[in-house]
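Participant: Here is what each chain is made of, one letter per residue.
2 protein chains.
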Amino acid sequence: MDIRLLPVKFSRKDLPVGTPVVGMVGGGQLARMTQETAVALGIQLRVLAEGPAVSAAQAVADAPVGDYKDPETVRRFAAECDVVTFDHEHVPTDLLQSLEADGITVHPGPDALVHAQDKAVMRRRLDTFDAPSPAHQVVETPADVEDFAKRVGGFPVILKTTRGGYDGKGVWFVDGPDDAAIGTAFASGVPILAEEKVDFVRELSAIVARSPHGQAVAYPIVESVQKDGICVEVSAPAPGLAPEKAAQAQQTALTIAGELGVVGILAVEMFEARDGRLLVNELAMRPHNTGHWSIDGAITSQFENHLRAVLDLPLGSPAARAPYTVMVNVLGGDVDDMHRGLLHCLARDPALKVHLYGKSVKPGRKVGHVTAYGDDLEDVRERARHAAAYLTGAIDE
Amino acid sequence: MDIRLLPVKFSRKDLPVGTPVVGMVGGGQLARMTQETAVALGIQLRVLAEGPAVSAAQAVADAPVGDYKDPETVRRFAAECDVVTFDHEHVPTDLLQSLEADGITVHPGPDALVHAQDKAVMRRRLDTFDAPSPAHQVVETPADVEDFAKRVGGFPVILKTTRGGYDGKGVWFVDGPDDAAIGTAFASGVPILAEEKVDFVRELSAIVARSPHGQAVAYPIVESVQKDGICVEVSAPAPGLAPEKAAQAQQTALTIAGELGVVGILAVEMFEARDGRLLVNELAMRPHNTGHWSIDGAITSQFENHLRAVLDLPLGSPAARAPYTVMVNVLGGDVDDMHRGLLHCLARDPALKVHLYGKSVKPGRKVGHVTAYGDDLEDVRERARHAAAYLTGAIDE
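Listed in order, the protein sequences are those of chains H and U. Going by the UniProt record's numbering, 280 is the number at position 280 of the first sequence; the sequence numbering is gapless. Going by the UniProt record's numbering, 177 is the number at position 177 of the second sequence; the sequence numbering is gapless.
The hints are simulated quantities; they were obtained by calculation from the structure and are not laboratory data. A virtual CB, placed ideally from N, CA and C, is assigned to each residue, including glycine. No incorrect hints appear here.
Label pairs and their in silico Cβ distance ranges:
1) D375/U with T128/H: 44 to 52 Å
2) G258/H with H344/U: 22 to 30 Å
3) T255/U with G258/H: 56 to 64 Å
4) D379/H with H344/U: 40 to 48 Å
5) H344/U with G51/H: 39 to 47 Å
6) K169/U with E378/H: 50 to 58 Å
7) H344/U with R151/H: 50 to 58 Å
8) K227/U with A242/H: 47 to 55 Å
9) K362/U with G51/H: 38 to 46 Å
10) D376/U with E378/H: 26 to 34 Å
Modelling step: build the complete structure from the supplied sequences, incorporating the hints.
Facilitator: In structure tokens, the structure reads:
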């Protein structure tokens, strides 16, 4: 008998009474990590995958492949779900609006999500309730850029595509009126946002979860280290951050989540400016890289609270379980086999937590992360950094 | 376009270089919970399921349905796995021996697993290295039972089927020579083991993980409460257990794992006798109900260490993360919908960890468990007991 010929699919009626089905658009590592907690909570996670073997498709029972930009595909996908949520923010706003018009529950909804999709819309909206932002202006010509630079005290300034940028893509640092980056930015074909280049001492991230009826929880404020626009290391809580500043950062994120009507996880990336201001840099409305520490480091992970929020279940405690938790991303390097290195890393550190995303190695690609926690920040940091560097082949001892 | 018509299957070559594929025979909640950690570690879990919608089949991408008693089915299943391991102990020993003869890696191997399958073989083997057991004897006639009773100081005694018993099934308490249970036991058609009825103060469980090259770790000794032969509550660590006794119980389990050549998790259920002896009751060679607390309560869960062990990866720390962790099973009661009760339970206790197995409710059936942890045993116990009782409908406030 060929067991591969037997049916492995099941339908909703085969699941226990009351089992919620959450549809996640996108099959990346965020959907994959969401599955870890969905399995625990008895929630059926359905993934609309970019391909049959993408990160999350390897990890869930139900991962139909389809184009998230095709309304009919997303509508068919959503038809078997109680709620639709996202692994990324690239689903067209108008498509989501049409789903809502059809009575499909979408969290976060398009009216909120647009603020994570369009930086100009986000800045405009934040200004209406005086959320602290860097100086900014939508620019249409190189002359506009020069005028903006004068307004903020001269170059350098930053240009960003209002839509479609991520992990440092779609961002340009402009040193002067003749900088070639200006032409490159305008050549991108989407509206361009100019922003003051903030003189910051470090980057912070405030992650909150909010449910439809308005319950919200705020995770400890973390410090994130970015390299070439990619998050490489997160320390929770942000070392040495004054309690009143941490509370201020949490309040800013909670206010934004409430004002924008976010449902699910909201990540607010901030600059801690040298002059002491906390300025909002970017928004993300999904589990975020700066929250991965919470899987092993918090009572309730950001993935669990995202699921609870989109299902309007009571939210879980975001409190940390250890004095310090450090997460370091594993970025593709010279080594193809991420598993061979585990022999060394797991033997060296029996308390290390390793997360691999089922992604083939490409230079700089996020293929996993490692987490260490404990009482001594320096020790915890060294353990996490060593493991990540060893797995990628950057070090060999 | 019909997205359901697109392929959702993938083959090994689509996975990242070095991705291990672990095959688990049986699609129950143990396989389902193993998937939570397999997803994190980038391990591909393949499940040989009893049906298309069983507990683990809902949670993994690759769950062919087939009969684990059919050699050809198991052989085809194993062909695409690096190692085969188990959700239950019912795979025939000779079938596993034939797999090993074919060069298929099976952990635990049949020579070890037989001791968890056959109680007579287990008792005989434990006697060879003086592991502490209750008095025992294979009996073939009612007269043998009477002789055995005389030898251990009279009735009551316990009769057990040597094979196929679980969760209290295949176990009879015999109060005297005329007890009808004697006939029932012999009518079961399998050899019967008679055991002394131990006068115990409580039941303990010692869980260890052992890898092929002999590395082993021992979890804290836990106290388990059984009801009608089913584990209902586990406290970690066992409250008030003297350190030397805990060490003795761990050593007994480590010795058994080494002597029997166990690879993976070994659970040794023990009686703490009123006279102070620690006596081995049962063995299980798979993640065990008395180890579920480790998902939320230990640095490395029993499921992660089982996967690490069968892949011969270095084992993780079994240390507890909190002073006390209590797990209470959610057994099927009057309520069919296990999800509705979450609204109350999660709101009442933001730190509660709920695990649902994707199983429809039947009276007494294990459909999930809840875990609470903290510094105060009584508080932790009350939180876990309340949540389990509420979910099953035993209480409504």
